[in-house]
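With the hints as extra help, turn the sequences into a complete structure.
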Amino acid sequence: MKRFALTLLLFNALLLALLLPRYPWIPWVAAEALMVCAVFSLLSPSVFTRVLAGVVGTLYAVLALFTLSDLLVRQSLGRGLNLYLELGVVGSVVDLMLSNLGTGLSLLILLVLLLAFCGLALWVSKLLSRLAGGLHSGFGKAAFATGLLLVAVSFAPQSVVSLSAAQLATNQILLAIDTRRSTAEFSQSLANDPAAGEPVALPGLANTDVIFGFIESYGISSLTDDRFKHLIGSRLDKMEAAVSAAGLHMVSGRLGSPVQGGQSWLAHATMLSGQWIDTQLDYEILLASDYPTLIDDMAVTGHDTVAVMPAITQDWPEGQAFGYNRIYESTTMDYQGPPFNWVTMPDQYTWSWFQRSVREQTVGPMFAEVALISSHAPWVPILPVLDDWDSVGNGTAFNQWEGAGETPASLWLEPERVREHYALAIDYALNVATGYATRHVDENTLLVLLGDHQPAPLVTGEGASRDVIVHVISGNPELLAPFLATGSSGGGLPGFQLGAKPDLNQDGPSMASFRPFMLKAFRRAPLSAEVASVKGVEQQ
Numbered sequence: 011m012k013r014f015a016l017t018l019l020l021f022n023a024l025l026l027a028l029l030l031p032r033y034p035w036i037p038w039v040a041a042e043a044l045m046v047c048a049v050f051s052l053l054s055p056s057v058f059t060r061v062l063a064g065v066v067g068t069l070y071a072v073l074a075l076f077t078l079s080d081l082l083v084r085q086s087l088g089r090g091l092n093l094y095l096e097l098g099v100v101g102s103v104v105d106l107m108l109s110n111l112g113t114g115l116s117l118l119i120l121l122v123l124l125l126a127f128c129g130l131a132l133w134v135s136k137l138l139s140r141l142a143g144g145l146h147s148g149f150g151k152a153a154f155a156t157g158l159l160l161v162a163v164s165f166a167p168q169s170v171v172s173l174s175a176a177q178l179a180t181n182q183i184l185l186a187i188d189t190r191r192s193t194a195e196f197s198q199s200l201a202n203d204p205a206a207g208e209p210v211a212l213p214g215l216a217n218t219d220v221i222f223g224f225i226e227s228y229g230i231s232s233l234t235d236d237r238f239k240h241l242i243g244s245r246l247d248k249m250e251a252a253v254s255a256a257g258l259h260m261v262s263g264r265l266g267s268p269v270q271g272g273q274s275w276l277a278h279a280t281m282l283s284g285q286w287i288d289t290q291l292d293y294e295i296l297l298a299s300d301y302p303t304l305i306d307d308m309a310v311t312g313h314d315t316v317a318v319m320p321a322i323t324q325d326w327p328e329g330q331a332f333g334y335n336r337i338y339e340s341t342t343m344d345y346q347g348p349p350f351n352w353v354t355m356p357d358q359y360t361w362s363w364f365q366r367s368v369r370e371q372t373v374g375p376m377f378a379e380v381a382l383i384s385s386h387a388p389w390v391p392i393l394p395v396l397d398d399w400d401s402v403g404n405g406t407a408f409n410q411w412e413g414a415g416e417t418p419a420s421l422w423l424e425p426e427r428v429r430e431h432y433a434l435a436i437d438y439a440l441n442v443a444t445g446y447a448t449r450h451v452d453e454n455t456l457l458v459l460l461g462d463h464q465p466a467p468l469v470t471g472e473g474a475s476r477d478v479i480v481h482v483i484s485g486n487p488e489l490l491a492p493f494l495a496t497g498s499s500g501g502g503l504p505g506f507q508l509g510a511k512p513d514l515n516q517d518g519p520s521m522a523s524f525r526p527f528m529l530k531a532f533r534r535a536p537l538s539a540e541v542a543s544v545k546g547v548e549q550q
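If you read the sequence shown in our numbering, its first letter stands for residue 11, the second for the next number, and so on.
Where hints are given, some of them may not hold.
List of simulated lysine-lysine pairs, PhoX-like, C-alpha gap at most 20 Å [as the list claims (entries may be wrong)]:
id: 1; residue 1: K511; residue 2: K248
id: 2; residue 1: K239; residue 2: K511
id: 3; residue 1: K136; residue 2: K12
Computed beta-carbon distance windows for the label pairs [claimed, not checked]:
id: 4; residue 1: P526; residue 2: L108; range: 35 to 41 Å
id: 5; residue 1: A186; residue 2: A126; range: 24 to 30 Å
id: 6; residue 1: D325; residue 2: G90; range: 29 to 35 Å
id: 7; residue 1: A126; residue 2: A414; range: 43 to 49 Å
id: 8; residue 1: E416; residue 2: S54; range: 56 to 62 Å
id: 9; residue 1: A331; residue 2: L124; range: 35 to 41 Å
id: 10; residue 1: V373; residue 2: L184; range: 53 to 59 Å
id: 11; residue 1: D517; residue 2: A251; range: 44 to 50 Å
id: 12; residue 1: T323; residue 2: T417; range: 17 to 23 Å
id: 13; residue 1: E426; residue 2: I119; range: 21 to 27 Å
id: 14; residue 1: K239; residue 2: P526; range: 46 to 52 Å
id: 15; residue 1: A27; residue 2: A186; range: 37 to 43 Å
id: 16; residue 1: A27; residue 2: N202; range: 43 to 49 Å
id: 17; residue 1: T234; residue 2: R60; range: 40 to 46 Å
Honestly, the hints are just simulated from the structure, not real lab data.
Quick caveat: nothing in here was measured; it's all calculated off a predicted structure.
Note that CB positions come from ideal geometry on N, CA and C, so glycine has one too.
Here you go:
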């Protein structure tokens, strides 16, 4: 009887631990615990009993793995585990581990986890098999019947009783069904969308270089969170002053990203397509369709379309599906310097190489998507900005910082220091982007600098907005006028205003609204009244 009670308490605690991602609401009783313990107490010691205990132990270890994965997904991506989606990004997770931790440490972690879960399965199986024949059959049957009653109680709202293991498995099944249904609906909506026809030419951007610079993890929390806002606010003040001194104009705002903490490509796709792409499945559906994007729009406007992707280290068929004329990735960007953990090359090199080897070599207007990855986790080391941009060269100028700073594994033991390094990385990225803008943006350039997503909840805290910051810079005020809700036509993007800082009191529109806005804004030349309004506000 004593062994039964102790085993029941332990197994109950183990099953309730599966609900840790639902904290702070966790029930007190797992109905399955009493039922499973009762069943094993009614069995006699035998090979069958040991095999059955092994099966239950293995199932528990698998569910425990799901729970650990759920906790990690919530802390990194700001959402719960969805196995139907997660299986499609396992490769990206492995690449991230190998880049940040190295092969040896990554394999060691995986080996430790494997041994831990095997040990857990073995321990649970032994715990249950020792119950065999330990209770009078009448008591065992009564315990099982009580477990059945507890199952009924578990369906009451906010019940102290739960079916923890069953709930975990059922939730994943229901998520898979719902995700499959949502994916089918998205596919159908693409096919029926009136905008699914031909690309749209944008004469308002004719003869203008349009550059989208996606700054990794540049979220609104960098300006609203007390831990970051002083450093980043000061950087944006310097940015605004430098842009103005260079004779340029600047508008800033915020947009809602479909993701947080990772899967940047979903944000890129949302921005370019005007469709809300928040799952890998929707992304693949978009790629398989003929739905036009801003890349196609700029191509029919007469622009050469280019993707600069320093984080891409393997084949990238998605780039071909998007229809870029040219794609440059880490192995074709002539970088001879060292990598810095996950970051294959610093942003200053990316900007410098892009200007020298792509933009200056392109005849006619171009549309470029440039991925800026220095502000990608693990945010170590933080490089200085080279004052002499001509010294960037082939990247060997960065050799002096090879191996600098501590290891990611050391830094990430202290969450507060992780947050400090995050802010420093964003500060670096903005500093470098400002340097590029003041040197190479002119009246025939529209530079859009924006975040792809907020950093992980580990950095921002739970419940943070998913908005990212957007800066639009040009030497031509006519190109910025449509972004403001001014002029006789109204419109604009809500919350966008002159200067380097967005409206912090107003949530931004969805990233999916950007392409429709661009199609509306640049199908014609801006009205002179709109341009006058922009200049007038700047002079106030």
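The hints, checked one at a time:
no.: 1; hint: K511 x K248; verdict: holds (11 Å)
no.: 2; hint: K239 x K511; verdict: holds (11 Å)
no.: 3; hint: K136 x K12; verdict: holds (16 Å)
no.: 4; hint: P526 x L108: 35 to 41 Å; verdict: holds (39 Å)
no.: 5; hint: A186 x A126: 24 to 30 Å; verdict: holds (27 Å)
no.: 6; hint: D325 x G90: 29 to 35 Å; verdict: holds (31 Å)
no.: 7; hint: A126 x A414: 43 to 49 Å; verdict: violated (34 Å)
no.: 8; hint: E416 x S54: 56 to 62 Å; verdict: holds (58 Å)
no.: 9; hint: A331 x L124: 35 to 41 Å; verdict: holds (36 Å)
no.: 10; hint: V373 x L184: 53 to 59 Å; verdict: holds (55 Å)
no.: 11; hint: D517 x A251: 44 to 50 Å; verdict: violated (28 Å)
no.: 12; hint: T323 x T417: 17 to 23 Å; verdict: holds (21 Å)
no.: 13; hint: E426 x I119: 21 to 27 Å; verdict: holds (23 Å)
no.: 14; hint: K239 x P526: 46 to 52 Å; verdict: violated (31 Å)
no.: 15; hint: A27 x A186: 37 to 43 Å; verdict: violated (23 Å)
no.: 16; hint: A27 x N202: 43 to 49 Å; verdict: holds (46 Å)
no.: 17; hint: T234 x R60: 40 to 46 Å; verdict: violated (57 Å)
Hints 7, 11, 14, 15, 17 from the earlier list are contradicted by this structure; the remaining hints agree with it.
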